[in-house]
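Novice: Chain by chain, the residues:
Protein chains: 2
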Amino acid sequence: MVNKKDEKGISVEKSKDISEWYTQVLQKAELADYAPIKGFMIIRPRAYYIWEKIQKEFDKVLERLKVKNTYFPLLIPENFFKKEAEHAEGFAPELAYIEGKEEGERLALRPTSETIMYDSYSKWIRSWRDLPLKLNQWANVIRWEVKQTKPFLRTREFLWQEGHCVFETEKEAREDMEKMALEYQKLVEGLLAVPLIVGKKSEAERFPGARETMTIEAFMPDGKALQCGTSHNLGQGFAKSFDVKFLDKNEKESYGWQTSWGFSTRLIGAMIMQHGDDKGLVLPPAVAREKVVIVPILFEDSREKVLNKAKEIEKSLKKWNAKVDDREEYKPGFKFSEHEMNGVPIRIEIGPKDLEKKTVVLVRRDTGDKELVKMSGIEKRVEKVLEEIQESLLEKAKKFLEGSISEAKDMDELKKELNKKKIVKVYMKDDKEVEGNVKDQTEGATSRIIEETKKEGECIVSGEKVNTVAYIAKAY
Amino acid sequence: MVNKKDEKGISVEKSKDISEWYTQVLQKAELADYAPIKGFMIIRPRAYYIWEKIQKEFDKVLERLKVKNTYFPLLIPENFFKKEAEHAEGFAPELAYIEGKEEGERLALRPTSETIMYDSYSKWIRSWRDLPLKLNQWANVIRWEVKQTKPFLRTREFLWQEGHCVFETEKEAREDMEKMALEYQKLVEGLLAVPLIVGKKSEAERFPGARETMTIEAFMPDGKALQCGTSHNLGQGFAKSFDVKFLDKNEKESYGWQTSWGFSTRLIGAMIMQHGDDKGLVLPPAVAREKVVIVPILFEDSREKVLNKAKEIEKSLKKWNAKVDDREEYKPGFKFSEHEMNGVPIRIEIGPKDLEKKTVVLVRRDTGDKELVKMSGIEKRVEKVLEEIQESLLEKAKKFLEGSISEAKDMDELKKELNKKKIVKVYMKDDKEVEGNVKDQTEGATSRIIEETKKEGECIVSGEKVNTVAYIAKAY
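Order-wise, the sequence lines are chains F and G. Note that my numbering has the first sequence beginning at 3, numbered continuously upward. Note that my numbering has the second sequence beginning at 3, numbered continuously upward.
Here chain F stands alone, though its shape is the one from the complex (with noise of 0.2 Å):
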């Protein structure tokens, strides 16, 4: 780890080499850093605030859906996996295991809890009077990736919710399903800025275990697709693995109807892709600890005069908890750096003539635009350009995503539009042979999302009429 006080900026730019530009941006800005474990990160304050504030605004939603919070063992008996065989075959390949304790049975780390979960259900549930019942947790997964990881995207423990249900009815599972889908979206696009495309996953990108899936997926300006979380109808699969059974009103036995959905840490890096420059994180406001950053000119005449206002000004933008930076030991140069490094969404600096004209100088992280503004005025401009630079950024991820969206009629097109890192939408037959074969002919693409369509059109691979149209894209 490199002391970002030592170094400039970021060495590389964004558009040439996003990757490498990931790795100083997260570093500098002091979001992540490597843990002594490959795969493992560390997640510093400046992310982990952004991470509390999807917690409580995820927590608001859960209270007003009558989600209620709770907390399950972090390690599942190995034959719980083994009892959904599709569960099981899909999560065998990452999972770790302890050392073995006096039990006997392999414990294992949860990647995800529906097994450890639904145990308790089936002991939990005797009646219709007890559903729906609807539980969701905070917690850390450990899934033992061997694809590379990178910090927030990929990594082999990662911080999530993970919300469990139980229905009466088929319909309120559907429902449920694709209403969290859709607060999901909702809470990505408000907080984060970040623009999703929801829908259905087709049958090879579907979670094991789950009778459909629905996902909202991010694009990343390096033509990558981001899936920021998922939420799954289980129809009556894990119900009838794990004797989810229920009395209902006639007194008959009938096995629960499920959901599950989640999203994680991945979020925030999503955020971070989509939104820094060259000159580092951007911040959207509604995510920013200090969304204003005071810097005071300082000359030796003027000195205690321009610190005493900007005190004042930091006071008067209390409410966004605007903090002046007067340390003596760096020059207002290296500060602006730094706070632009740090994403800080207004920068106001205050020097002597400022002071006559009373005014400041308002400066976005977004844009760089520079404005003057008056003292007397300053509470209302700081709040409506918060507002501005929030708004604005979701508005040019979304120009980004949908200027992203083209279409092919062939493999050709496809490999070509791909090349152009666009999302292609193609006909495309939901099946999972097909879709191997689009992967192995693009070089690893797959399904973001498939839709039903009223048109048919011929399948991309296999030449059948199919209404269906796959959004394929390479993907983190």
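Accuracy of the hints is not assured; some may be wrong.
Copies of the same chain are indistinguishable here, so a pair counts whether it falls within one copy or spans any two.
Calculated cross-link-like contacts (lysine-lysine; reagent style BS3-like; alpha-carbon spacing at most 27 Å) [unchecked claim]:
# : residue 1 : residue 2
1 : Lys441    : Lys62
2 : Lys58     : Lys68
3 : Lys103    : Lys85
4 : Lys136    : Lys40
5 : Lys359    : Lys313
6 : Lys281    : Lys152
Since the hints were derived computationally from the structure, they do not count as laboratory data.
Position chain G relative to chain F; hints supplied.
Specialist: Leaving out everything else, chain G in the frame of chain F:
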């Protein structure tokens, strides 16, 4: 797990068999459940809500003290535990490791995070400008207990916060240790109404690797002390083992002075044990999700009128999350018992006669006291009664605690007083061997706190003149 609706109440008296009482309350008030793995627990929503309240309250303290939240990895390389000798020895028996992966080195699940955090601190800290560094994390930890486990009180996985600070001077570190112990006391007494004795740990009871440990100790109705949180002055021991150095203002290299402090979900267990009674859980209003339940007494001819009034009252008491229990399948008496089991602080009963008289019956969970309250003044009265409950729970527990402290001059007296379920003050040398002797002779009692005194006295074991008094008790 017995479905609580099948059972009437708790089948033992708290004063006769607190252990069985505790187990039943956990399950019947749906606070916790046993996990499929021995020594682990499931924290159910009613208890998790308490943890969330504690988190929110303590996060405010952290913000005030400029401590920032962060997250470090769950897994720690084995060699990290060997760097600080005492720490290594203290935690070795409780470490769990994961099965070998490609890395070669064994990886332990964190029992506490001093080692992995200070490894990063050594990279992040360069100069006095980087100090104080004050970080906290909310996390799960694993300690493979061999003692009998009990949900919340002693489990192999628990949730906690751990704060880790580095200062320039010894004085700052000592002050931080003391300040945090007092913050803990304020939090626990204020929110959970659990009174505490605060003081220093003896050499024998100190945290492995700490120079001084302060503790907050609660005292349970069965005459056992319960350590509820600790705050350590780590001196420079870890700094030297992990190379946490900085350049001071004179450009001289110096080791950092460190503290760490933590409390866990054990607090929930303390609260349950302290306040609960033979009817079940008693919740301090500050940590009750629903502070008021309204039970309508329904007869056919007045049914609708009474229900409407109940809903009206529910609305006017929204601030306290009041809930009308309008379930048709249960009778009022059943509902009373259930809400008593769940610890809801206030019950309001409303029937047809109340409509005429424009009154309701208000029942306090803690005392069982009933009073007639005019509907017109219901809000003010509820507010007042909730305050009274919160205060009187603390007062009652304080009286019990104060009445439980006694003194002894020799070993016989000590044993007698311990048999009377007291915390016993004795003159004792602060020495591991001496304390081992006390433990042997008393069948396991330990010093919970040790204080310096002005007056000298004879050590209860060695007879030497000492000026340290220990509080001896059996402990969880």
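Novice: With reference to the structure, classify each hint as holding or not holding.
Specialist: Results for each hint:
1. Lys441 <-> Lys62: neither (40 Å within a copy, 50 Å between copies)
2. Lys58 <-> Lys68: both (15 Å within a copy, 20 Å between copies)
3. Lys103 <-> Lys85: both (23 Å within a copy, 25 Å between copies)
4. Lys136 <-> Lys40: Intra 36 Å, inter 26 Å, cutoff 27 Å: inter-copy only.
5. Lys359 <-> Lys313: within (18 Å within a copy, 60 Å between copies)
6. Lys281 <-> Lys152: Within one copy only: 21 Å inside, 53 Å across.
Against the hints set out earlier in the document, a violation occurs for number 1 only.
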